[in-house]
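K.L.:
One letter stands for each residue in the lines below.
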Amino acid sequence: DIVMTQSPDSLAVSLGERATVNCKSSQSVFYSSNNKNYLAWYQQKPGQPPKLLIYWASTRESGVPDRFSGSGSGTDFTLTISSLQAEDVAVYYCQQYYRTPKTFGQGTKVEIK
Amino acid sequence: QVLLQQWGGGLLKPSETLSLTCSVSDDSISNSNYWWGWIRQPPGKGLEWIGEINHSGSTNYNPSLKSRVTISVDTSKNQFSLNLSSVTAADTAVYYCARVVVPTGEAYYFDYWGQGTLVTVSS
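Residue numbers (this note's numbering), protein chains in the order written: chain A, 1 to 113; chain B, 1 to 123.
Errors might be hidden in some of the hints.
To be verified - In silico DSS-like pairs for lysine-lysine, Cα to Cα no more than 27 Å straight-line:
| id | chain 1 | residue 1 | chain 2 | residue 2 |
| --- | --- | --- | --- | --- |
| 1 | B | K45 | B | K13 |
| 2 | A | K45 | A | K109 |
| 3 | B | K45 | A | K113 |
| 4 | B | K45 | A | K51 |
| 5 | A | K51 | A | K109 |
| 6 | B | K13 | B | K66 |
| 7 | A | K51 | B | K13 |
| 8 | B | K66 | B | K45 |
| 9 | A | K24 | A | K109 |
| 10 | B | K77 | B | K66 |
| 11 | A | K36 | A | K51 |
| 12 | A | K113 | A | K45 |
| 13 | A | K24 | A | K51 |
| 14 | A | K45 | B | K77 |
| 15 | B | K45 | A | K24 |
| 16 | A | K113 | A | K51 |
| 17 | B | K66 | A | K109 |
| 18 | A | K36 | A | K113 |
To be verified - Not everything, but these chain B residues come out facing chain A in the computed CB check (under 7 Å):
| id | residue |
| --- | --- |
| 19 | N60 |
| 20 | N62 |
| 21 | D111 |
No wet-lab data here; the hints were simulated from the structure. Cβ coordinates follow ideal geometry from the N, Cα and C atoms, glycine included.
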């Protein structure tokens, strides 16, 4: 199985500041034949199901605010919230879909400082 | 707006079979652009993919659960279901159904999720 490891486990950021969540895969999730990274990011608020934010590592899902962005390639990826808002308090998960079984990172909790 | 509504589960005893159903609204489960999947989340923990199915009944399962999992589809009711046999306390979790995006013929990421159902296994 591809192991997804996120860092940090939690972080506290002031309102309006940048929040950065990292995700590392145990093997590359980049498919050279189509030049795509098979990685998605989700946001989960308490008591709610996860919400898709980003797919193909950097494509924002429709309706997701542009303060959310994804970057990286191969084994190292980053989710950036450019200006943290109160409604962004949540746990964020990365997920690889390069190989079955699909696997998720352990989650990163983002809070307000 | 696609809506996934799920039901079933609740409190189970060890060795019983977990059964959940997910009903899809505002999309056809026969839409070839999507598969339909199940993911679970133990209390306070992360997400684990269980498996997925398409409209014709083709399935992919997590090898760690494959011997106990059956996912089925009923296109006439626009529903799909999860059965997990011989449950133990380790199967206690919130179970989610989800739509799986299939841009190139293979099932990839999850764009719509059900509300989640807590299943507790306890004697």
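K.L.:
Determine which of the earlier numbered hints do not hold for this structure and return their numbers in increasing order.
P.N.:
7, 14, 17 and 18
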